[in-house]
Structures are given as C-alpha cells and as structure tokens.
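From first to last, the protein sequence lines stand for chains V and P. Note that full-length UniProt numbering numbers the first sequence so that position 2 is 2, with each residue one more than the last. Note that full-length UniProt numbering numbers the second sequence so that position 40 is 40, with each residue one more than the last.
It should be emphasised that the hints constitute simulated quantities derived from the structure, not laboratory data. Every residue gets a Cβ at the ideal spot worked out from N, C-alpha and C, and that includes glycine. Please note that the accuracy of each hint is not assured.
Below, in silico cross-link-like pairs of lysine to aspartate or glutamate (EDC-like), each with a Cα-Cα straight-line distance of 20 Å or less [what the hints assert, rightly or not]: (1) 292(V) x 127(P); (2) 292(V) x 107(P); (3) 108(P) x 271(V); (4) 42(P) x 141(V); (5) 51(P) x 148(V); (6) 206(V) x 149(V); (7) 51(P) x 254(V); (8) 294(V) x 128(P).
Computed footprint of chain P on chain V, listed as stretches where at least three residues anywhere in the stretch have a Cβ under 8 Å from a Cβ of chain P [as the list claims (entries may be wrong)]: (9) 76-90; (10) 142-154.
Anything over 10 Å on all C-beta distances counts as not near chain V; from chain P, calculated [said to hold, decoys possible]: (11) 30; (12) 43; (13) 49; (14) 55; (15) 64; (16) 67; (17) 68; (18) 90; (19) 112; (20) 128; (21) 130; (22) 145; (23) 154; (24) 155; (25) 164.
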Amino acid sequence: MHQVLSSTPEGIFTINVGPQHPATHGVLHLVITLNGETILKIEPHLGYIHRSIEKMCESLTYRQFIYVTSRMDYLSAHINNHACALCVEKGLQVEVPMRAQYIRVIMDELTRLASHELWWGAMAMDVGAFTPFFYAFRERETINEIMEETCGARLTMNYMVPGGVMADIHPQFQQKVKQFIAGYKNKIAEYNELVTGNVIFQNRMKGVGYLSTEDAISYGCSGPVARASGVACDVRKRYPYDVYAQVQFDEIIETTGDSFARYLVRIREMEQSVRIIEQLIDNIPEGDYQAKTKAVLKLPKGEFYQRVETARGELGVYIVSEGGTTPYRIKFRSPGFSNLSALNEMAKGGKIGDLVATMGTLDLVIPDIDR
Amino acid sequence: MQALTNRAQAVNRAPMTFWERIYLVNIFKGMLITFSHIFKKKPTIQYPEQKRPFSPVFRGLHVLNRDEQGRERCTACGLCAVACPAEAITMEAAERLPGEENLYREEKYAARYEINMLRCIFCGLCEEACPKDAIYLSETFAPANFNRSTFIYSKKDLLIPNPVTEPEAYAKAKGLN
Numbered sequence: 001m002h003q004v005l006s007s008t009p010e011g012i013f014t015i016n017v018g019p020q021h022p023a024t025h026g027v028l029h030l031v032i033t034l035n036g037e038t039i040l041k042i043e044p045h046l047g048y049i050h051r052s053i054e055k056m057c058e059s060l061t062y063r064q065f066i067y068v069t070s071r072m073d074y075l076s077a078h079i080n081n082h083a084c085a086l087c088v089e090k091g092l093q094v095e096v097p098m099r100a101q102y103i104r105v106i107m108d109e110l111t112r113l114a115s116h117e118l119w120w121g122a123m124a125m126d127v128g129a130f131t132p133f134f135y136a137f138r139e140r141e142t143i144n145e146i147m148e149e150t151c152g153a154r155l156t157m158n159y160m161v162p163g164g165v166m167a168d169i170h171p172q173f174q175q176k177v178k179q180f181i182a183g184y185k186n187k188i189a190e191y192n193e194l195v196t197g198n199v200i201f202q203n204r205m206k207g208v209g210y211l212s213t214e215d216a217i218s219y220g221c222s223g224p225v226a227r228a229s230g231v232a233c234d235v236r237k238r239y240p241y242d243v244y245a246q247v248q249f250d251e252i253i254e255t256t257g258d259s260f261a262r263y264l265v266r267i268r269e270m271e272q273s274v275r276i277i278e279q280l281i282d283n284i285p286e287g288d289y290q291a292k293t294k295a296v297l298k299l300p301k302g303e304f305y306q307r308v309e310t311a312r313g314e315l316g317v318y319i320v321s322e323g324g325t326t327p328y329r330i331k332f333r334s335p336g337f338s339n340l341s342a343l344n345e346m347a348k349g350g351k352i353g354d355l356v357a358t359m360g361t362l363d364l365v366i367p368d369i370d371r
Numbered sequence: 001m002q003a004l005t006n007r008a009q010a011v012n013r014a015p016m017t018f019w020e021r022i023y024l025v026n027i028f029k030g031m032l033i034t035f036s037h038i039f040k041k042k043p044t045i046q047y048p049e050q051k052r053p054f055s056p057v058f059r060g061l062h063v064l065n066r067d068e069q070g071r072e073r074c075t076a077c078g079l080c081a082v083a084c085p086a087e088a089i090t091m092e093a094a095e096r097l098p099g100e101e102n103l104y105r106e107e108k109y110a111a112r113y114e115i116n117m118l119r120c121i122f123c124g125l126c127e128e129a130c131p132k133d134a135i136y137l138s139e140t141f142a143p144a145n146f147n148r149s150t151f152i153y154s155k156k157d158l159l160i161p162n163p164v165t166e167p168e169a170y171a172k173a174k175g176l177n
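Using the sequences provided together with the hints, build the complete structure.
Take a look at the structure:
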C-alpha cells in the first residue's frame, strides 16, 4: 500500500499514498515526507481525474454547459447547476419566479444533507467505524428517492435551467419531504449518540489537524473547513442568492480549528439545513416554475461571476462572454482545491495515523478538485 | 489589533477519567444503538426481484414515439442532435415516398437514427427540444451487454412497438399495464 521511495540515514523518508488508496476517496496522490511517524511535508499531486470540464464548457451553449458541471462535485451536483444557472441568469437579467426559487433552495438543502450524510458515513469509516456508513446511506437513499421523483435522476439531477427549474415538483414532493424531515431529527440525535459523543472518536479527532484562522484565510479555505477555524464565510449569509435572504438560519462557526471542530460544523449544518427546509416546504408559492427565456440564449458581452455555497464551500462560476451562444471562457473556483491545499498546514508535525482522520474531515471530492 | 490566532480557543484535552479510559461504556452504548436496529424495518429492497416504482419524469433509455395510427413521429429535424451536450445523437433524413403514409407521419422522416448510449448523459435536453414529441426518456435503465458496439442504439432498438399491429407490446413499452 505505501511504497517507500527513498530514505536517508537520518530516517527521513518519502512515501506515496494513492493514487489508488482506500483512504483518499478517489484518485488523489499524496507524497508524504516522514521522519519516523511524524509528517514533515505533504504534497498533493493532482490531475488523475482531470477531464478539462472548463474547456469543454467553452464549446457548449449556455443551456448545455450546466449539465456538464454535475460531474465536477458529484455530491452536490444540484448546487453546481444552481451556480451556473444563477450566473447565466445574471447575464441575461432574467427574473426567476418565486416558485422556482423556493424549489431550488429546498433542493439545494436536500443535496447538502445528502452530501453531509455521505461525508459522515465515509468519515466514520476512515477512523474505523463501519456501521455509520450504512446508517448514512439509508438516509441518503431517502433523499435520492425524493430527488429521483421530482428531478428524474438520483445523482446527476439536471433539474436547473436558466430561468427556473426543468419541471414542476412531483405532487407528493412536499408530503415526502416533510415525512423525511420529521424522522430525520431523531436520526441526527442518533448520530450524535453513536459517533459524536463517543470518547474513542473524540480522542481520535480532538486537537488533530489544527488549522489556524490566518492559514484558513491565506489558503483561501471556505465552507465548513474555514468555518471550523473561525472564519465567517457562509455565502448563503454573506452574499445571499435566491430566497436565502428570507430564511432564518444560523451560520455555524467553531473556533478550535481541529478535526473535531470541522466534524461538528458539518453535523450542526445538517440541523440548519433541516431548519431551512422546514421554513420553505409549506410556503412554496403558486406560479410558474420557469421564466420565459429565448430558445437560444445569448449573454451580452462582459464578465459575470456568481458564487454559491456548496456542501464543501464556496463555488464560484466566472463566465467571460463575447456575446455569442457559447461562453468565451469559463472558470470554476472549486472549494475542494483550496481546502486540499491547506492539508499540508494541518497535518504537518502530526502523526501519519492522524492524516486519514484529518483528510476525512476535509470532505474531499476529487473530481471537484481536478475538474 | 488582536492577532487572529489569539481568538482560537484551546482544545479540551483534559485527561480521561478511569471509566472513559477503558472505553467499555462507550462501546456498550454504541452496541446498544446498533443492536436496536436489528428489530427495525429493513430499508433494503431485493433488486432485481423487487423493484421500486419510477416517477414519470425518470430519465432512462430513449424511446422514439409513434402516433395513434402507428406512424413514426420523428421528422429528422435534428433539434435533438443540436441540443445534446454529449453529441450522442446522429441521424439521416429521407423523404417519404408515395405509399408510405402509413409508416411516417410527415413528408420527411429519419432513415437512420442513432444514439450512442455510452456518450449519453441522460440529461433530457433532447426530450425538451423535440417539437414533435417524437423522443422521450423511458423508465428502463441499466442495460448490459458484451461489447461496446451494441450500445449504439439504432432505430430498431429505439422505436416503440406499433400500437396498431402490436398493441400488447406497445402497452408494455408505454408502461400502461
């Protein structure tokens, strides 16, 4: 599994973790310099799953390119689509109907729940607990069923179009979501009892992988990773989009900056997502689910930027338009890339056994980092 | 200005008590939760014997539609091919000859219509683009085969059975029964 590349008489040696390794959640390659068990340096090597999505988007129209972005961060595919749709709408200056905005935000939060579920299961598995994985996937399956019923697919939802959503919600959507939410609160309590409150787990996580506030800012971390270090960076609060300005929810901030703080931020964020859905689900206004747009979309000449909060952090979509039907240049600012770059800072000086726990709390999705 | 780092709290690393150190209490607590799940309802379903119903919007494999008289709806306008982000659809148009009115609904039809299912990302844009309701995404999914060439679906694989000559097969494909 770990291949020793070189070693010196002083005991400093280099090992490879990945690109094929069960703990890296994908094709991530870490070159680790060790002194005995202590980590001196970590260099992440990327590019194993680079598909040049940014370049591909340049040859696709504004309707088409949204669907390719589902393949970046596949766990929050819906939120990626949302970011792209918002950016195109900004260029077109389309007013999105309230009904569509409500549906979008509910779907976003369901996606966030599903993503955090999977993270929770995978993270617990990283530190050696297998049962949480099943519990997490059981709840995630319920969300996927709701998604499938309304959007038409389980993971790559493709539900967003510029100007609204592709289809109206399923007649049973509200009822099913409410049913899910009602049972879900007990589930979070169960998670807390099973994993969060466990002394063995806490011992594994507390004081490990410390990231200071300055480092979080200077590495451009966002999302739960930065919020665990005390940076208030929730895009939903700071730069609200769609109906996020109208809903009540707390921005979860922890100040300890260790692995346990990152864990707590995500667990408590799940509760906030539930809170947001509860506020919106009963009040979906009547009306159109899609604004009237032209068959062929043309953005005016200029540059457009839109940021959203995905489950992993801040996703930015930057479109340069020359006035045609396809973007001249697209850049995605993905949260995973910046969060991974801070891994060296977190793991340096720690033990190699703690590396996997630290990496688990980063919630890495490799296709998001490489695109 | 107060340095940012000073705002960080110290991590609670208080030494564990004896009961915490032996871990037994926590192991027992965890076991209690997991064992209680033995008596709960199973969330799994036994696929392929059992199947979950799909909603009408589910995006599975494509179907080329016919009208009530069994005539092909597709006029080979190419809008689906243009809308496709994955460039999975190709077609060749042909003109309807006299005497073929019972086969094709309009003067132009698709002589060849191919979808590469390995390229397709099942986004549903072809369905949205079609002005004639000729293509839609059905509820069948997960095809398996032995070589790649069989995943290029031609008209033979895509066309829905004729409602006039094969009403039973048509009803089954439509999911009516």
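Hint by hint, here is what the structure shows:
1. Pair hint residue 292(V) plus residue 127(P) holds up; C-alpha atoms about 18 Å apart against a cutoff of 20 Å.
2. Between residue 292(V) and residue 107(P) the CA atoms are separated by roughly 32 Å; this puts the pair beyond 20 Å, and the hint is violated.
3. For the hint linking residue 108(P) to residue 271(V), the alpha-carbon distance of about 57 Å lies beyond 20 Å, and the restraint is violated.
4. Distance check on the hinted pair: residue 42(P) and residue 141(V) sit about 13 Å apart at the alpha-carbon level, within 20 Å; holds.
5. Our distance criterion of 20 Å between C-alpha atoms is met by residue 51(P) and residue 148(V), whose separation comes to about 14 Å.
6. Between residue 206(V) and residue 149(V), the direct Cα distance comes to roughly 41 Å. Violation of the 20 Å bound is thereby established for this hinted pair.
7. Pair hint residue 51(P) plus residue 254(V) does not hold up; C-alpha atoms about 44 Å apart against a cutoff of 20 Å.
8. Distance check on the hinted pair: residue 294(V) and residue 128(P) sit about 14 Å apart at the alpha-carbon level, within 20 Å; holds.
9. Note: the region 76-90 of chain V has 0 residues with beta-carbon separation from chain P under 8 Å; the three-residue rule is not met and the coverage is violated.
10. Requiring three or more residues with a Cβ within less than 8 Å of a Cβ of chain P, the coverage given for the region 142-154 of chain V holds, as 7 such residues are present.
11. Look at residue 30(P): its CB is around 6 Å from the nearest CB on chain V, not clear of 10 Å, so calling it non-interface is violated.
12. Some Cβ of chain V comes within 10 Å of the Cβ of residue 43(P); the nearest lies about 5 Å off, and the non-interface call is violated.
13. For residue 49(P), the condition that its CB be more than 10 Å from all CB atoms of chain V holds, with the nearest at approximately 18 Å.
14. At roughly 4 Å from the closest C-beta of chain V, the C-beta of residue 55(P) falls inside 10 Å, breaking its exclusion from the interface.
15. Even its closest Cβ contact with chain V, about 19 Å, leaves residue 64(P) beyond 10 Å, as expected for a residue assigned away from the interface.
16. For residue 67(P), the non-interface assignment is confirmed: its Cβ lies about 24 Å from the closest Cβ of chain V, beyond the 10 Å cut-off.
17. For residue 68(P), the requirement that its beta carbon stay farther than 10 Å from each beta carbon of chain V is met, with the minimum near 25 Å.
18. Annotated as non-interface, residue 90(P) keeps its C-beta farther than 10 Å from every C-beta of chain V; the closest such distance is 17 Å.
19. In this structure residue 112(P) is separated from chain V by more than 10 Å, as the shortest Cβ-Cβ distance comes to about 24 Å.
20. Against chain V, the non-interface label of residue 128(P) is violated: not every CB pair exceeds 10 Å, the least being about 7 Å.
21. Even its closest Cβ contact with chain V, about 13 Å, leaves residue 130(P) beyond 10 Å, as expected for a residue assigned away from the interface.
22. The beta carbon of residue 145(P) is kept farther than 10 Å from every beta carbon of chain V, the shortest such distance being approximately 22 Å.
23. Residue 154(P), annotated as away from the interface, keeps every beta carbon of chain V farther than 10 Å; the closest lies near 24 Å.
24. Every Cβ of chain V is farther than 10 Å from the Cβ of residue 155(P); the closest lies at roughly 24 Å, confirming the non-interface assignment.
25. For residue 164(P), the condition that its CB be more than 10 Å from all CB atoms of chain V holds, with the nearest at approximately 30 Å.
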